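*Asks:* Can you build the whole structure from these sequences, using the hints too?
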Amino acid sequence: MTNHLQAEARPAASEGSDPVEPEPDLTVVVESAARQSRDEEFTEFVRTAGADLARTAWFLCGDDYQAEELTQQALVRTYVKWHRARAGDPLAYARRVLANQRIDSWRKRRREVLAAEPPERVGEDETGMLAERDRLVRALLALPPRRRKIVVLRHLVGLRESEVADDLGISVGTVKSTVSRSLAQLRATLGEHDHLDEGTIR
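Under this note's numbering, the residues of the sequence shown are numbered 4 to 205, in order.
If you are wondering where the hints come from, they were derived from the structure by calculation, not from laboratory data.
Be careful, since some hints might not be right.
What the hints assert, rightly or not - Computed list of lysine to any residue pairs in SDA-like fashion (alpha-carbon distance at most 25 angstroms, straight line): (1) K84 - A54; (2) K179 - I106; (3) K179 - G161; (4) K84 - G172; (5) K84 - G53; (6) K84 - E72; (7) K179 - A95; (8) K179 - N103; (9) K179 - A142; (10) K84 - L94; (11) K84 - Q39; (12) K84 - S165; (13) K84 - D170; (14) K84 - T46; (15) K84 - Q104; (16) K179 - R149; (17) K84 - E71; (18) K179 - H158; (19) K84 - V49; (20) K179 - R150; (21) K179 - L146; (22) K84 - S108; (23) K179 - A145; (24) K179 - R138; (25) K179 - V140; (26) K84 - E47; (27) K84 - A52; (28) K84 - E43; (29) K179 - R190.
Quick caveat: nothing in here was measured; it's all calculated off a predicted structure.
*Replies:* If you want it as structure tokens, here you go:
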């Protein structure tokens, strides 16, 4: 009986009138708008920070092809976690992803072959630059994986000591002492005549 009354209460569509379009699902509309906003933000991030990220990738591996591949992988992972990356410094987040990926590959590959020149880098002696880069990378490879990661995150990626500590779940004091010991070992490996500091590693 109730169903019959409800059916009678609904107005009948007049003959020849256009069918009534269902209202769009508000949840779908909101999610679509949020996705579009995220994509636009990420596209702008790639446009403004892509070259910087590519240079960091080159300094991590010294090869154009590997650097391009490393950059693309880092961008994909950053996009997937964009909600987390955009909450802080997206470039620092992407650099950290980049460094983590490269350090993982160092564990599998003990020999580095450096070639070509970094993107947009001109006006330097390519042979001397690559030779210095090769020596530095090999010296880094001589460090234990944990110490190498701390040095790379601190001095190449440019994270603060507190950020490295948070990223690795260790104390700031451990970061400081590890960096100090590691730089001393790098100086010994490269030779006392080499002045090794943050600028050199970068």
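*Asks:* Of all the hints given earlier, name the ones this structure violates by number, lowest first.
*Replies:* Violated: none.
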